[in-house]
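Add chain A to chain U, keeping to what the hints say.
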Amino acid sequence: METFLGFEAVMLARIQFGFTVAFHFIFPAFTIGLASYLAVLNAMYLRTRDETYLKLFNYWVKIFAVSFAMGVVSGIVMSYQFGTNWSVFSDRAGPVIGPLMAYEVLTAFFLEAGFLGIMLFGRSRVGPGLHMLATLMVAVGTAISATWILSVNSWMHTPAGFTVGENGQYLPENWLEIIFNPSFPYRLAHTLTAAYLTTAFIVGGVGAWHLLKGRYGNMGVRRMFSMAMWMIAVTAPLQIVLGHEHGLNTYEYQPTKVLAMEGHFQSYEDGEGIPLILFGIPDQEAGEMRYAVEIPKIGGPILNKGWNDGMAGLDTVPDELEPPVAMVFWSFRIMVGIGFLMLGAGLWGLWARWRGQLYEQTWLHRAMLAMGPSGLVAVIAGWITTEVGRQPYVIYGEMLTADAASPIAASAVGASLIAFIVIYFAVFGAGVVYLLRLMGKPPKRSEDDARDIDGPIRTAGIMPGAQSPAE
Amino acid sequence: MQDLAVSFDLTIAWALLLAFSVYVYVVLDGFDLGIGILYPLFRKKSDRDLMMNSVAPVWDGNETWLVLGGGGLFAAFPMAYAILMPALYPPIIAMLLALVFRGVAFEFRWRAASRRSEIFWDGAFIGGSTVAALSQGIVLGAILQGVEVDGRAYGGGWWDWLTPFTMLTGVAVVAGYAFLGACWLNWKLEGAIQHRVRSLARVFGIVTLGFIGAVSLATPFLEAAYFDRWFGWPEILWVSPVPIAVAVITLILARSLTTHGRDWVPFVLALALFLLCFIGLGVSMWPYIIPTEVTIWDAASPYKSQLFMFVGAAVLVPVILAYTAYAYWVFRGKMDPDEGYH
Chain U
1 METFLGFEAV MLARIQFGFT VAFHFIFPAF TIGLASYLAV LNAMYLRTRD
51 ETYLKLFNYW VKIFAVSFAM GVVSGIVMSY QFGTNWSVFS DRAGPVIGPL
101 MAYEVLTAFF LEAGFLGIML FGRSRVGPGL HMLATLMVAV GTAISATWIL
151 SVNSWMHTPA GFTVGENGQY LPENWLEIIF NPSFPYRLAH TLTAAYLTTA
201 FIVGGVGAWH LLKGRYGNMG VRRMFSMAMW MIAVTAPLQI VLGHEHGLNT
251 YEYQPTKVLA MEGHFQSYED GEGIPLILFG IPDQEAGEMR YAVEIPKIGG
301 PILNKGWNDG MAGLDTVPDE LEPPVAMVFW SFRIMVGIGF LMLGAGLWGL
351 WARWRGQLYE QTWLHRAMLA MGPSGLVAVI AGWITTEVGR QPYVIYGEML
401 TADAASPIAA SAVGASLIAF IVIYFAVFGA GVVYLLRLMG KPPKRSEDDA
451 RDIDGPIRTA GIMPGAQSPA E
Chain A
1 MQDLAVSFDL TIAWALLLAF SVYVYVVLDG FDLGIGILYP LFRKKSDRDL
51 MMNSVAPVWD GNETWLVLGG GGLFAAFPMA YAILMPALYP PIIAMLLALV
101 FRGVAFEFRW RAASRRSEIF WDGAFIGGST VAALSQGIVL GAILQGVEVD
151 GRAYGGGWWD WLTPFTMLTG VAVVAGYAFL GACWLNWKLE GAIQHRVRSL
201 ARVFGIVTLG FIGAVSLATP FLEAAYFDRW FGWPEILWVS PVPIAVAVIT
251 LILARSLTTH GRDWVPFVLA LALFLLCFIG LGVSMWPYII PTEVTIWDAA
301 SPYKSQLFMF VGAAVLVPVI LAYTAYAYWV FRGKMDPDEG YH
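Those protein sequences? They're chains U and A, same order as listed. For the first sequence, the positions run 1 to 471 when the working numbering is used. For the second sequence, the positions run 1 to 342 when the working numbering is used.
Hints are computed from structural coordinates only; laboratory data are not their basis. These numbers come from a predicted model, not from an experiment. By construction, the Cβ of each residue, glycine as well, lies at the ideal position given by its N, Cα and C atoms. Keep in mind that a hint or two might mislead.
[As the list claims (entries may be wrong)] If the Cβ cut is set under 8 Å, some of the chain A residues that face chain U in the computed set are:
(1) Ala-56
(2) Leu-66
(3) Gly-70
(4) Ala-75
(5) Pro-78
(6) Leu-96
(7) Val-100
(8) Ala-153
(9) Val-311
(10) Gly-312
(11) Val-330
(12) Gly-333
(13) Lys-334
[Unchecked claim] Label-pair ranges, simulated between beta-carbon atoms:
(14) A:Met-167 - U:Val-422: 22 to 30 Å
(15) U:Ser-124 - A:Phe-278: 34 to 42 Å
(16) U:Ala-370 - A:Ala-113: 25 to 33 Å
So here's chain U without its partners, still in its complex pose (with noise of 0.2 Å):
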């Protein structure tokens, strides 16, 4: 077997799937929540005639056309990385999923792109009302585009409604069978809650910078960061209750990933119980979890099972057919951790607005800022857990990885590969940059919040007052 730097063709190719997919799904993690809030900001600047909103979007307007056009050029590459990396793939499933991505791009990518203009550069054209659809557009752009890829994905997962064909293709039987796969929902909800939340993340990590930095009194800080604190407050125990509703769904479909996930190594007799192993080192070879810190029992319950009840581990699935499962174990480790500060960060916000001293409290805006990006953290770790997880298969219990990949040499894979990494590594971190920076100016102020210039104030005693037209 030809080799390029020691790795095989398979897995260059999914390594430089991987690589272009984490890059890519950064961006509409960030993105798909973003183009809600402008819409929620657009909105209620057209509702109140508060300056502040209208500061508030054009603000955020300019992060989201530089995300958005990053998103785009990386989505551009996806689109062809089935074909490229994984043509076997593509010939045998594009009956099924090819219709799903082409819906995707007739009734999200399209609308997206077309009101994208109008929303960036045509609010004095087309007028108040317009812009708004136009806004909006964008944003359920985002979310359609969000639900078919994720019906995409689920079905690699958790395939339904189909048959396979004398030519090895899989062939649609039933669409609404194929779209309404049994892990499509809970994926569904858990990622658009997991965009939602990044978003309010990044959104409040700039509002604690500023605050860092100061800015009390610029009104378009303030509410920026009291509108990401309410919506960490409320989106951050939601998804844990849909993460857990989540992994009970992989549980009863994927159950091998969720034995990695959770480090389940060996099969528990009835009576004994099911441990929950908090932490340990996988050891994969020996098939077992070294130096696991465990407490007795309550995996049970976690999984719907009784205290006492047994349960069948790793030892009893082939180790051909088992994932990878350090990876699988501390990304889900990573993911669950973020998880729990995102709840603490809400009910740390909750408790600073109750005591009046939301925008005061330094050590909450240090914590929000250093959070800033967990979001995406948490993204790219669930990510990692639910698609490495699913190894062997690239079509659960279907189709291997290893029989998916295009007759392609493994030097040329690993030459486009390496291509990726650095252009993607200086484009995209130019990229950053210029987002960095973006971020680090604050909204403009207007007029109506210069009194409140100097320093610290309660919020008890702030009123949006009367406004004046500024600028």
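Here is chain A on its own, set in the frame of chain U:
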């Protein structure tokens, strides 16, 4: 038999729809890639700002047709997608990376803090646009000259796509996009800069016609099937209107670029010229999707897949065309140098 007849039609319908979206992509992204290709000829920052702003609101929508082309091929003809992508691996990857550079340049250029980094992103815009156009031309040529098929997969080598013919088609597409871009700018700009793009349109018009001639002459000799299609009897009766129409359009185009008429006329005529080239390609290739190995029916996805998508496409494509046209309408008229959100 009834079922067979229906699926027969659907496959043709999908081939036509795909051809349509590739055509729309080629002319729409063609003119905005063309602006990148013309960029080096304009040194003044204010000129470059204007040129880029003339496509800033629409480039993203233009590029979406490329995703529909790729996604549609994947969905309606998965076997062709699975053979062509590995066969054209280097030019496709080059095109994607080039599109990354020129796509982000639209935003990054305005975010650059120093003159040096602005020059860098201008370079990315120029290089990205040119390499993307070149790669697309190479892809076109490589499909026309045929790829080796082994069962349901690509059976050739990594450099099969690289021939004098694909180099010719690659450069031809670069010239053609520059011509489209110049015609677009002639429509959108005014004053001294319009005068310049107009003369550029004349130059690139002549160059493009030269390349159309060269590619048209070379193509029939690639495959016996192409030759018979163009020069066999009675086929020549059916296909001769295409070159005749090219000649007619060329004459009107020459007139519109040398006399002072309405500024949108050269652009629309350029679209017509590209349409004729496209029809010419269709004449050569029909009914193959990979000449002369795989027909559209060989590669077609099952009836159920094509039908499911077709119902949606029949409704959605007209809607998409309507709101795309609306987006163009919103930004109609000559560019105002003082406008722009940046």
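Verification of the supplied hints:
Taking 8 Å as the C-beta cut-off, the interface hint given for Ala-56 of chain A holds, the closest approach to chain U being about 7 Å. Annotation: Leu-66 of chain A was flagged as interfacial toward chain U, and the flag holds, the nearest CB pair being 7 Å apart, inside 8 Å. Interface hint status for Gly-70 of chain A: upheld, as the beta-carbon distance to the closest one in chain U is roughly 5 Å, under 8 Å. With a cut of 8 Å, the hint placing Ala-75 of chain A at the interface with chain U holds, because the nearest CB-to-CB distance is about 3 Å.
The closest approach between the C-beta of Pro-78 of chain A and any C-beta of chain U is roughly 2 Å, which is under the 8 Å cut-off, so the hint is satisfied. The beta carbon of Leu-96 of chain A is positioned within 8 Å of a beta carbon in chain U (closest approach about 5 Å), and the interface hint is therefore held. For Val-100 of chain A, the shortest C-beta to C-beta distance to chain U is roughly 4 Å, which falls under 8 Å, so the interface hint holds. Interface restraint check for Ala-153 of chain A: the shortest CB-CB distance to chain U comes to about 5 Å, inside 8 Å, so the restraint holds.
With 8 Å as the threshold, the beta carbon of Val-311 of chain A stays out of range of chain U, its nearest partner Cβ sitting at about 10 Å, so the hint is violated. A cut of 8 Å between beta carbons decides the hint on Gly-312 of chain A: the least distance to chain U is about 6 Å, and the hint holds. The closest approach between the C-beta of Val-330 of chain A and any C-beta of chain U is roughly 5 Å, which is under the 8 Å cut-off, so the hint is satisfied. The beta carbon of Gly-333 of chain A is not positioned within 8 Å of any beta carbon in chain U (closest approach about 10 Å), and the interface hint is therefore violated.
A cut of 8 Å between beta carbons decides the hint on Lys-334 of chain A: the least distance to chain U is about 14 Å, and the hint is violated. Checked against the hint of 22 to 30 Å, the C-beta distance between Met-167 of chain A and Val-422 of chain U comes to roughly 26 Å, which is consistent with it. At about 38 Å, the beta-carbon gap between Ser-124 of chain U and Phe-278 of chain A stays in the expected band of 34 to 42 Å. The hint said 25 to 33 Å for the Cβ distance between Ala-370 of chain U and Ala-113 of chain A, and at roughly 26 Å that hint holds.
In this structure, the hints that do not hold are numbers 9, 12, 13, in rising order.
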